[in-house]
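Protein sequences appear in the order of chains L and G. Once you know that position 128 of the first sequence is 128 in my numbering, the rest is easy, because the numbers rise by one and skip nothing. Once you know that position 109 of the second sequence is 109 in my numbering, the rest is easy, because the numbers rise by one and skip nothing.
Derived from the structure by calculation, the hints contain no laboratory data. Mixed in with the good hints, there may be bad ones.
[Claimed, not checked] DSS-like mimics (lysine-lysine), calculated; alpha carbons at most 30 angstroms apart, straight line: (1) K378/L with K230/L; (2) K5/G with K230/L; (3) K378/L with K235/L; (4) K5/G with K232/L; (5) K235/L with K287/L; (6) K226/L with K177/G; (7) K294/L with K230/L; (8) K294/L with K225/L; (9) K226/L with K294/L; (10) K5/G with K294/L; (11) K225/L with K378/L; (12) K287/L with K250/L; (13) K5/G with K225/L; (14) K385/L with K294/L; (15) K385/L with K232/L.
[What the hints assert, rightly or not] To be clear about the criterion: a stretch of chain L counts as covered by chain G if any three or more of its residues have a C-beta under 8 angstroms from a C-beta of chain G, and this derived list gives those stretches: (16) 157-169; (17) 453-466.
Bear in mind the structure is a predicted one, so any value in this text is a computation, not a measurement. Note that CB positions come from ideal geometry on N, CA and C, so glycine has one too.
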Amino acid sequence: MIDNFLAGSAALFGDPFTIGVFIFGVIGGMLFGAIPGVSMLTLAAILLPFTASLEPAQGVMLFAVIYCTGTYGGAITAILFNIPGAPENAPTAFDGYPMTQNGESGKAVGAAVLCSAIGGVASALIMMAATEPLANWAIRNIGPPEIFALVFFGLAVASSVGARTIWKGWMSVLIGLLIATIGQDPVGGINRYNFGLTDLAAGIAFVPAILGFFAVSEIFVQAEKKASGKYKAPKLSMTFPTWLELWMHKLAVLRSILVGFFCGILPGIGATLAAFMSYGEAVRWSKNREEFGKGKLEGVISAETANNAATGAAMIPLLALGLPGGALTAMMVAVFQMHDLQPGPLVFMLSPDLIWIVFAAMFYANLSILIIGLVETKTILNLLKIPFQFLAPLILMLATVGAYISRGLVLDVMVMFLAGIIGYLLRRSGFSIPGIVLGLILGKIGEQNFAQGMQMVHYDLGAYLSRPICAILIVLGTLTLLSSAYRAFATSQKSV
Amino acid sequence: MGRLKRTHLVEAVLFLLIVAVFYAFSFEFNQPIEIYRFGATVWPRVVIGLLLIATLGNLWYQYRHGSASQGTIGQSDDEADYSEPGTIPRMIAVLLTPFIFAWLLKPVGIYFSAPFFIAAVIWLFGERRWSAILLITALIYFIFIGLFLVILNAPLPQGNMSPFYDFSAWILTMNAKLQGL
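Just chain G, with the same shape it has in the complex (with noise of 0.2 angstroms):
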């Protein structure tokens, strides 16, 4: 096994996958172009091809040297720290929380579900005085609605669902007075 480790090889695995299911998927687009002798497929696959051999050259590296830095320039972020108790199950709720307010973002609207995400945010970073994260999300929650639709007019998501629908039309008429529409 040399130096690698387990991560090594779950890296290795992942970007062999993304060879593998983009070389599959580009036969469902090669056919040929009239004006281009090399067709919509040649520069995806040459791309393919050369992420094939990084990643093996990838694995040889690690293979010999482990996880060891190549002296390359720029470079400022440290490897990831899952030792202490709890991490993981926090940062895959940190991952997940955007993603499901995303999600939501089509039934229930921005208006509706921004505090709750706010609030879900500031508590995911380790806040826990009821106080500063009520009051924290209410000045975020304004300085959104202060910038984006009472001075910029954005069209953000409202919403299909009712009641949530319903309260961004809320709140868009609230703004519309505001402004003596």
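Just chain L, with the same shape it has in the complex (with noise of 0.2 angstroms):
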């Protein structure tokens, strides 16, 4: 492995323009993930017809770089301004944005970016281990049940947080289910609730509508504080938090990074769910769940490890099996065959440079996380000095064309504005808003994977649960939709 990582780093810096490249992936990630109002999603999606000019190594490079740098650039937008950068950072905004309004905004990014690199650089070690093996694992445990019941423990925790009361919670997630449910159907492909529009056959489209749900809802949260004369100027602070505040946390890291790698390694599931439940688990084991949401450093802590950690355990399903975990990982699929290559197990033995060069640049970029994010904080930390007035303009800016880009439709700018109205009514009254988008994101993968277990099984439910990891996380699952109702029922009875 060693041999194979110094050869993939010759690669890496041993040409001018590939180190050139992966310089631009690193800041580009950053910056795309940083910028309210676009992702890293936003700057894939631009720069793919590009890659084809490229070496195939630096095109599937650039995506992996621009996936790591990206995950964190996108904690910075949902801590300062409760606008998280892709669904990933959503469990991020819990505590990210309250720290931030209680002018520990410096401690939380500092944090971010500390547990980012750790659960980035473990996640990247892990792979570079033990991807063959860990792939051959997952092909002979984990299957379509094993999948849905993943899906399911994660709704149950997502619909647990963030709500102002456990039926929001619940309606929330139901909602995001019920809009995935537009467009085809994943086993027959029958078209469902298209009402008529040929455009809506292909569902409705992840990008505008997180980008309508998160930055689009918040500005226009904040426009109605400006014109209520609610509206409160965060809080700047530059405090880092100090390495004894960090070391308290050692237990949610390394639960996180395992929670992250975990759900990162199962095809399809990707980021956004191990941040959801490293954020749940974190809750779970705390003895002290009422500070959860009010601006507590473990709730960074729990969902940045996290969501890097599941970076590098992402590129196994997609390299080792040709699967794709997300929206980034399934353009990476597109870099490859542009260079006509598949990836799956072949590409292992037909390209091994491609894979350690890809496997390095993403070690060192994120080592670069630590290392710019450390330097850049406090610069990034003065976007909080610009009045909102001038930022908003931006954003909605930013965003139509991150709405607009990915499939060049003038209806997704709408449904991003129209996901945006909804959003914004749906949060004054005490719903769910990364409820909703995890229901949308985990809904159509769901219910493929709960069609396809039940044809495995011959819909013989016994069976179902016979298989142990599926038994366990649907255990787990309800155990957890059971604890958050009895804990919220317990709270409205005292309240009586």
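Now that you have both chains on their own, put them together as the hints suggest.
See the structure below:
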């Protein structure tokens, strides 16, 4: 492994143009992740056609690097403006934004930098050491029933966080699941709920919906606060977390690496579920649960470690099995195909150089998060000094381009603004936007894997639950639902 | 009425309407799939059924406890406040302006409509100094043009109506000349 890693590093840093592509990926991913309104997906969608003119290794490496640094960059907007750069940063905002409001933005961003780097580097190391055995384990033990069970567990976690009441938490997730049913059904390809619009046959695109629910709805919330005279400018703070504070959360970091890596390795699940589940586990293991959501450092640490830990793991199903784990890894498949390559077991035999350049680049990209992140954090925090009336149109313009660019449809811009209006109204009524978005993202994956699982076990639910990993995840999901319901009802009985 | 407010009833009616509409439209694709016993309708109908239960549960909770929070985790949003005079019309304008901008993208294109949209948003956010509105509008427009047109060459909506289309074409020609193409 070390020889291969050194060879990959030498290939990466031996060619000035490849170094340029690497640096562009690191800075581009970080910038597009950190600018509210656009995300790493916007940059990836713009760059996709240009990768045809790059070497295959450079093209794949560029996307892998953008994936690592963009996942970190999205945490900054989540913490500073309550606008997650990507869905995987949504749980970061639960505690990160209250920390900004409490004047602890520096501490939250500092923790995000460090934990993203730790999660990413740990994940890259495990990926380099064990891609093939882990992929083999996943092939043998993880099938559609397990993936459906994990989706169920993730949705159970999402329904219990972020809403004013448990009922609204469930309604949020269910609305997301209902939106996900728009478009063709994943088994028979039958059109559902397209209301006569051919563009809706492909379903609601994630990028505009996510931009609308997160970025546009936050702008509307701030507009309402401005109009009602309740707007408070976020407080700027340059105080970083101390080493002691971070050391006190070592168990949370370790747990989040494990959760993140496990979720990342499963095809189709990716970093979003990892962040939600890691946040849910942090709450479950904490003695002071009531402090979560009010600006607890552990919330930021858990979410950010897990989502970056999932980035390396997501490469395993992509490279070893040819299965993308999310939107950006799906674009990486397109990069492979542009160069007449197909990700999968053969790529390890036919293009080992490409694989090790990508692995080395991901390792160094995660390290660079630490270096560039710590140097640039103070500059980034100055974004808070820009008056919101000047930041809002910039975010809306960038979001418009972000929504339009992936499919070139004005309909997507309309969907984004509609999602923004719906998101604003739901947020102000106490619903959970991250719950809706997770339902939207996981809905189709859940349905597809449920259907495939049922076909596998010949519609025998007993056989479905006799699979150990599946049973454990279903039980954990059910326990999560029951415990959150118990906690909620106990609280409401006290208040009567 | 218990502790129910009018907003709770409106919320419940809207969700029940969503349930009814999605259930009614599910008959449009209610056809068997040869390889899958449950067909295309079962998953959406289960979701609709659960949403109906959750909506009624939410209504029951609001009947007993009003808008009180239930101690769930991670919530950070307070309730909307429209008590200040003029908030509602201003919010309607804030919500509609981006939608009008999106609707105009096809005929007018982004290059022509963007400055008006940017200025309108700044104004709606409470800025009343014309010099600041013009300066910031110009700055954001140049950032947008510089990043997406000059650096990234991103294909953006150009409009399909004269003279807006001609304006977009002029901008693209200027960019091509700038880049020496």
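Status of each hint after checking the structure:
Between K378/L and K230/L the CA atoms are separated by roughly 27 angstroms; this keeps the pair inside 30 angstroms, and the hint holds. For the hint linking K5/G to K230/L, the alpha-carbon distance of about 23 angstroms falls within 30 angstroms, and the restraint holds. Proposed proximity of K378/L and K235/L is supported: the alpha carbons are some 14 angstroms apart, at most 30 angstroms. A threshold of 30 angstroms between alpha carbons decides the hint, and for K5/G with K232/L the separation of about 28 angstroms falls inside it, so the pair holds.
Among the hinted pairs, K235/L with K287/L is consistent with the structure: their alpha-carbon atoms are about 29 angstroms apart, no more than 30 angstroms. With a CA separation close to 43 angstroms, the supplied pair K226/L and K177/G exceeds the 30 angstroms bound. Taken as a hint, the K294/L and K230/L pair is honoured in the structure, with Cα atoms around 19 angstroms apart against an allowance of 30 angstroms. Proposed proximity of K294/L and K225/L is supported: the alpha carbons are some 19 angstroms apart, at most 30 angstroms.
At most 30 angstroms may separate the alpha-carbon atoms for a hinted pair to count; K226/L and K294/L meet this at roughly 22 angstroms. Straight-line distance between C-alpha atoms of K5/G and K294/L comes to about 28 angstroms, which keeps the hinted pair within the 30 angstroms bound. A distance of roughly 27 angstroms separates the Cα atoms of K225/L and K378/L; the hinted pair therefore holds under the 30 angstroms criterion. As the CA atoms of K287/L and K250/L are separated by approximately 16 angstroms, the hinted pair is consistent with the 30 angstroms bound.
Taking the CA atoms of K5/G and K225/L, the gap is near 22 angstroms; set against the 30 angstroms cutoff, the hint holds. With a C-alpha separation of about 23 angstroms, the suggested pair K385/L and K294/L falls inside the 30 angstroms cut-off, and the hint holds. Distance check on the hinted pair: K385/L and K232/L sit about 12 angstroms apart at the alpha-carbon level, within 30 angstroms; holds. With 10 residues bearing a CB less than 8 angstroms from a CB of chain G, the region 157-169 of chain L meets the requirement of three and the coverage assertion stands.
With 3 residues bearing a CB less than 8 angstroms from a CB of chain G, the region 453-466 of chain L meets the requirement of three and the coverage assertion stands.
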